[in-house]
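Yeah, the first sequence ends on 619 if you go by the working numbering, and it's all consecutive.
Bear in mind the hints are in silico, worked out from the structure with no lab data behind them.
The reader is advised that the hints may include incorrect statements.
Quick list of simulated restraints, FRET-style, between CB atoms [claimed, not checked]:
#, residue 1, residue 2, range
1, Gly420, Arg599, 25 to 31 Å
2, Thr501, Val594, 21 to 27 Å
3, Pro605, Glu490, 21 to 27 Å
4, Thr589, Asp430, 56 to 62 Å
5, Arg527, Cys381, 38 to 44 Å
Every value quoted in this text rests on a predicted model; they were computed, and no experiment measured them.
Where is the CB? At the ideal position from N, CA and C, for every residue including glycine.
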Amino acid sequence: MPELPEVEVVRRGLQQWVSGRTIANVDVRHPRAVRRHEAGADDFVRRLAGHRFRCASRRGKYLWLPLAGEDTAVVAHLGMSGQLVLLPSDAPDGPHLRVRMTFDDGGRELRFVDQRTFGGLALAELVPDEAAGHLPAPVRHIARDPLDPAFDDDEFVGRVRARESALKRILLDQTVASGIGNIYADEALWRTRLHGSRVGRTLTRPQVRDLLASVREVMGEALEQGGTSFDSLYVNVNGESGYFERSLHAYGREGEPCDRCGTPIRRVAFMNRSSYFCPRCQRGARGKPSARR
DNA sequence: CATAGATCCTGTATGC
DNA sequence: TGCATACAGGATCTAT
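Please model the entire structure based on the sequences and the hints provided.
What follows is the structure, given as structure tokens:
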């Protein structure tokens, strides 16, 4: 469940159902799922057994579970198709089960399920971070996400306007602001009436501020509805899907009328993926800036 | 240095 | 029916 709202839904589930529990056994069913754990799958398994999870944290699309009494955390990234689900031990494995963790209380076990194996788990060091307290080493390279209270709006505006590349590319760059993916980038651009091919450098400060407000708005609304799900690939820790798909205005709506002006939504290939936009509301780099008055 | 493109993987949907 | 192709919500490595 890749973007911020979906990952936050998972974090909340982990916070409720996994924090405070002590790991009994870890079973790595596919080595690729722990490829980011440099010391290998055996080391990953050995170092987790007997340790207790303190809580569940998140920045952008990264999740981590700090271990009690240690300066380490299990870092998880769901990639394109990863799921963290809680299931009874006797539930069938399913074809994409990658890692299984049991707990000493005998309750539901935690499973990492990932069809495409772009996601993964690793045990990483928690290192001091001047602003955030502690952060896992693999998370330090990304920026704060827009829902982080300490997110620096001015810095974001400055960085967007310093870029020579397309606005959508900037939104997807996790080192500028983390947590935004293909869906919410398109949705925020639609809400702000900006075209993703606009060059960052050409935007006014108020335009970038509006865009940031739209990002927060759409992510907040999605979170309230449990995230966006098109199919069973994107579920919370209890295997349930969110409802935000119903509220999408642009993403996945090629040919359908724009909810503002009725013009059919267009889809174009961009950065090896799809971008959806309203060709009337969101004027492109070739046309006049839409917010000009 | 900033930026653009290729690549990792498995499954589903679509067209011939 | 079989087969080929396009596409899927992401991040990272490589080349320019």
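We went through each hint and held it up to the structure:
no., hint, verdict
1, Gly420 - Arg599: 25 to 31 Å, "holds, 27 Å"
2, Thr501 - Val594: 21 to 27 Å, "holds, 25 Å"
3, Pro605 - Glu490: 21 to 27 Å, "holds, 24 Å"
4, Thr589 - Asp430: 56 to 62 Å, "holds, 58 Å"
5, Arg527 - Cys381: 38 to 44 Å, "holds, 41 Å"
The structure is consistent with each of the numbered hints, conforming to all of them.
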